[in-house]
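Below are the chains, spelled out letter by letter.
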Amino acid sequence: MNTGTFLALFGAVLATALAGVGSAWGVGMAGQAAAGVVAEDPDQFAKVLILQLLPGTQGIYGLLVTFITLSRIGILGGSPVADTATGLAYLFACLPIAIVGLISAYHQGKTSVASIGVVAKKPDQFGKAMLFPAMVETYAILALLISILAVTNIG
Amino acid sequence: MAIKEMQKLSICAPKKNRKAILELLQSMGNMEIDTEYLDDPDLQKMNTQKARAQFQKNAELFDECLKIIDLYSPAKSKGGGLFSEKEQISKKTYDEIVRNRQQCVANAIRVQRAEKGISDCKGAIIKDKNQIASLQPWMKLDVPMNLMGTKETELMLGTIPGQMDEANLYAIASKELAEPAPVSCQVISSDTDQTCIGVICHRSVSEKVEQNLRAAGFARPSTLLKVTPAEECDLLKADIEEQNRQIENLKNEIIPFSASREDFKIAADYYRTRAEKYRVLGTIPQSQNMFFLEGWVLKDQADAMIKMLSERFGALAEKEDKQEDEKEPTLLHNNRFSESVEGVLESYGLPQHGKVDPTFIMSIFYVIFFGMMLSDAGYGILMAVFSAVILARHKHLADGTRKMMQLFFWCGLSTAFWGFMYGGFFGDALDVIAVTFFGAPEGTTVLKPLWFEPLNQPMRLLVWCMGFGLIHLFTGLGIKGWEYLQNKDILGWVSDVLSWYLFVSGLVLLLLPSELFSSIAGDSFDFSPLANLHGFARAITWIGLLLILVMQERGHKNWGLRIALGAYDVYGITGWLSDVLSYSRLLALGLATGVIANVINMMASMVGKSVPGVLIFIIIFVFGHILNFGINALGAYVHTNRLQFVEFFGKFYDGGGKPFKSFKMDSKYIDVKED
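Same order as they appear, the protein sequences are chains F and C. The numbering of the first sequence is my numbering, which starts it at 1 and goes up by one. The numbering of the second sequence is my numbering, which starts it at 156 and goes up by one.
Chain F with its partners taken away, still in its complex shape:
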């Protein structure tokens, strides 16, 4: 394997690994809060489950970028990376979703915890409570977009 492919693979792995860590972190935090609410009021299960899952999407976005990258650098398809510069380009293209995924999922998890608190006190305010974590996700989506556009336009 040449240096270029190595660097590209490194980027691809970072995308899933960092975004996945962030999501695991966020979903874990929110899950603890959700379990507490269900212990008191089992009827809120569906609502708090949705709120718990919200920070989980970053991991999926990371996977998405990894998959697209792998299918272009000769590992799942496409042709091997020609030179080091191109490999480095793939690495950088993967960074937005890796970094933003990690941090936004963490903060989305914290926001989800707060929203779960809202649902615990006022179950009928679920629609509004759901919005707060979804706002955080916007930045993960923007990062995903840039990563996808960058990866698909290299080489």
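Some hints here could point you the wrong way.
[What the hints assert, rightly or not] Dumping the calculated DSBU-like pairs for lysine-lysine here, alpha-carbon to alpha-carbon at most 35 Å:
{"#": "1", "chain 1": "C", "residue 1": "Lys454", "chain 2": "C", "residue 2": "Lys819"}
{"#": "2", "chain 1": "F", "residue 1": "Lys122", "chain 2": "C", "residue 2": "Lys170"}
{"#": "3", "chain 1": "F", "residue 1": "Lys128", "chain 2": "C", "residue 2": "Lys643"}
{"#": "4", "chain 1": "C", "residue 1": "Lys510", "chain 2": "F", "residue 2": "Lys122"}
{"#": "5", "chain 1": "F", "residue 1": "Lys121", "chain 2": "C", "residue 2": "Lys212"}
{"#": "6", "chain 1": "F", "residue 1": "Lys121", "chain 2": "C", "residue 2": "Lys159"}
{"#": "7", "chain 1": "C", "residue 1": "Lys603", "chain 2": "C", "residue 2": "Lys635"}
{"#": "8", "chain 1": "C", "residue 1": "Lys454", "chain 2": "F", "residue 2": "Lys122"}
{"#": "9", "chain 1": "C", "residue 1": "Lys170", "chain 2": "F", "residue 2": "Lys128"}
{"#": "10", "chain 1": "C", "residue 1": "Lys813", "chain 2": "C", "residue 2": "Lys823"}
{"#": "11", "chain 1": "C", "residue 1": "Lys271", "chain 2": "C", "residue 2": "Lys381"}
{"#": "12", "chain 1": "C", "residue 1": "Lys828", "chain 2": "C", "residue 2": "Lys174"}
{"#": "13", "chain 1": "C", "residue 1": "Lys170", "chain 2": "C", "residue 2": "Lys222"}
{"#": "14", "chain 1": "F", "residue 1": "Lys122", "chain 2": "C", "residue 2": "Lys643"}
{"#": "15", "chain 1": "C", "residue 1": "Lys159", "chain 2": "F", "residue 2": "Lys128"}
{"#": "16", "chain 1": "F", "residue 1": "Lys122", "chain 2": "C", "residue 2": "Lys241"}
{"#": "17", "chain 1": "C", "residue 1": "Lys454", "chain 2": "C", "residue 2": "Lys550"}
{"#": "18", "chain 1": "F", "residue 1": "Lys110", "chain 2": "C", "residue 2": "Lys159"}
{"#": "19", "chain 1": "C", "residue 1": "Lys510", "chain 2": "F", "residue 2": "Lys121"}
{"#": "20", "chain 1": "F", "residue 1": "Lys122", "chain 2": "C", "residue 2": "Lys381"}
{"#": "21", "chain 1": "F", "residue 1": "Lys122", "chain 2": "C", "residue 2": "Lys816"}
{"#": "22", "chain 1": "C", "residue 1": "Lys558", "chain 2": "C", "residue 2": "Lys159"}
{"#": "23", "chain 1": "F", "residue 1": "Lys122", "chain 2": "C", "residue 2": "Lys200"}
By construction, these hints were calculated from the structure, which means they are not laboratory data.
Given the coordinates of chain F, assemble chain C onto it according to the supplied hints.
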């Protein structure tokens, strides 16, 4: 597609008709009682707390009984209880149960007692089991535990901490006694924590021996049995059996009541309804002979209500103007398609009277955007079929659930539509199956996209998504403009709505043909003809900009402040930019579904063309796609809501309406059909 018009009614009627009028109003269920403004100090309100509490207690008694019965004789339920629907009960059955309600209460109390008996028995069994466990170390003792000794000897039974054998024990017990000491020691059982011992000694030395033992931590057992431990154990076991028999008996006493399940449900709802009636009764002001009532009804029903009340009960009912600070309750009325998003709107906040009900317009965008985000024909078809089956099989779903299922149905159709547009059917399942199992050449495309494949041309779809976004946002702004025009506020319309239309569309027209944009969008779009409009675009941009700058803050007298704040409002264009960019989630989520589905298909097909290969394919395919569907449907739901709530509503809507809560039968299990 509108908010129903409301009319306030005030009713004044003789007290003797109070019961009849309230019951009629409740069974009709079309009036919201609101007596907040009837606060004449001369009028009295009845204290119905106690009666209401009693009715509520009865309702809860039946609820509890139903749970108990379900526990011992589970009901056969359709759809796993997920889609609970109310039972349809004829008026005749209902009246009959109501007549026999005392009998029902008595039955319910019997069920409740039996359940209490069962839990008592269970408690006793646990107690017995604990006791058996605590007797285990003593099992080898073959005399009753309360035996104190014989005439000449004394027996000391008890425990000593720590592990110990008989020699040790003898050494401890006979300490400072002359050898041979008249002491005999026996270890009954021993473990690391404690040793159970029996020590026999002559009465002459018993005091000293006990002293010795106590110094080593000796303690007598807390309860002294009159029989040997083994016998006691048998007694306890017999008792457990007896308790189990008792539980069976009590269960058999409860199970026959599963036939009265329906009666209990009716009675529960009857008491709930009465409790609700008494709640309203408690808010009604009354004088010596009359009572007074105010509330909201639908405007088109007002006249009929007045006529009925005055003819049947001699009541004085008239239309009343609403108070200055009073808000009419909101009831939405929409067509079959649009009403499915009412729940979504409700979770944000209902519209106030005098504002536009956005349900209809929102429903169209909602379904389209949801479809674009989930965008897989397979998932969409499954979703539509699943919700259609549920709707067909459960005719009497609660309103909210029914609307939700309808929404899923429409969103499913839209998802299927966009799936075919993008060429996704469980991702690239058809291609993968064709290549893996039917030997089609690598790179076969079975299902060609009707439009184009997003993964190959992401920029093209991105531009389209933003285009849809701009349409969505302009529609929102249009609704705001419509409200201005309805209020005949032409100046407001020009300065707050038209100005933004001009400014934003001017900027878009300037941007589209530019070098910058075409280098981003690639060669899928050719906007160069728009360059001819350059002059026009610049003109409307400037007009819009100036309008915003000068007119947006027209409330301020001070021109300096007005322009300065206007300049700040112009800065609001960044808000438009971020709003439009936000629609890129249509692309991102759409890609996410497709790509992950492809990953699943790829993993599933790895084993290749063989019998285990097919099995593994099926397993991974089913589980993988269920997971992908679940996560992406959730994402599509959340982000469609977000686009409606934040971007769309941000342009014109602020909710704040109060839902219409009519005074009606408060039922949990049944609906009474009028004959």
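Quick one, are Lys454 of chain C and Lys122 of chain F close enough, alpha carbons at most 35 Å?
holds, 32 Å
Do the alpha carbons of Lys122 of chain F and Lys643 of chain C lie within 35 Å of each other, as the hint requires?
violated, 39 Å
Would the hint linking Lys558 of chain C and Lys159 of chain C be met if the CA-CA limit is 35 Å?
holds, 18 Å
Compare the distance between the alpha carbons of Lys121 of chain F and Lys159 of chain C with 35 Å, and conclude whether the hinted pair is satisfied.
holds, 31 Å
Starting from Lys170 of chain C, check that the Cα of Lys128 of chain F is at most 35 Å away, please.
Given that 35 Å is the threshold and the Cα spacing comes to 45 Å, the pair is violated.
Satisfaction of hint between Lys816 of chain C and Lys122 of chain F, Cα-Cα up to 35 Å
Holds: Lys122 of chain F and Lys816 of chain C sit about 18 Å apart, inside 35 Å.
Between Lys122 of chain F and Lys170 of chain C, does the CA-CA distance stay at or below 35 Å?
violated, 39 Å
Do the alpha carbons of Lys122 of chain F and Lys381 of chain C lie within 35 Å of each other, as the hint requires?
violated, 60 Å
Quick one, are Lys128 of chain F and Lys643 of chain C close enough, alpha carbons at most 35 Å?
Distance ~33 Å between Lys128 of chain F and Lys643 of chain C Cα, so the pair holds.
Measure nothing beyond the straight line between the CA atoms of Lys454 of chain C and Lys819 of chain C; if it is 35 Å or shorter, mark the hint as holding.
Between Lys454 of chain C and Lys819 of chain C the Cα gap is close to 18 Å, so the pair holds against 35 Å.
Are the Cα atoms of Lys122 of chain F and Lys241 of chain C separated by 35 Å or less?
holds, 26 Å
Against the 35 Å threshold, does the CA-CA distance of Lys454 of chain C and Lys550 of chain C hold or violate the hint?
holds, 29 Å
Hints 2, 7, 9, 13, 14, 18, 20 from the earlier list are contradicted by this structure; the remaining hints agree with it.
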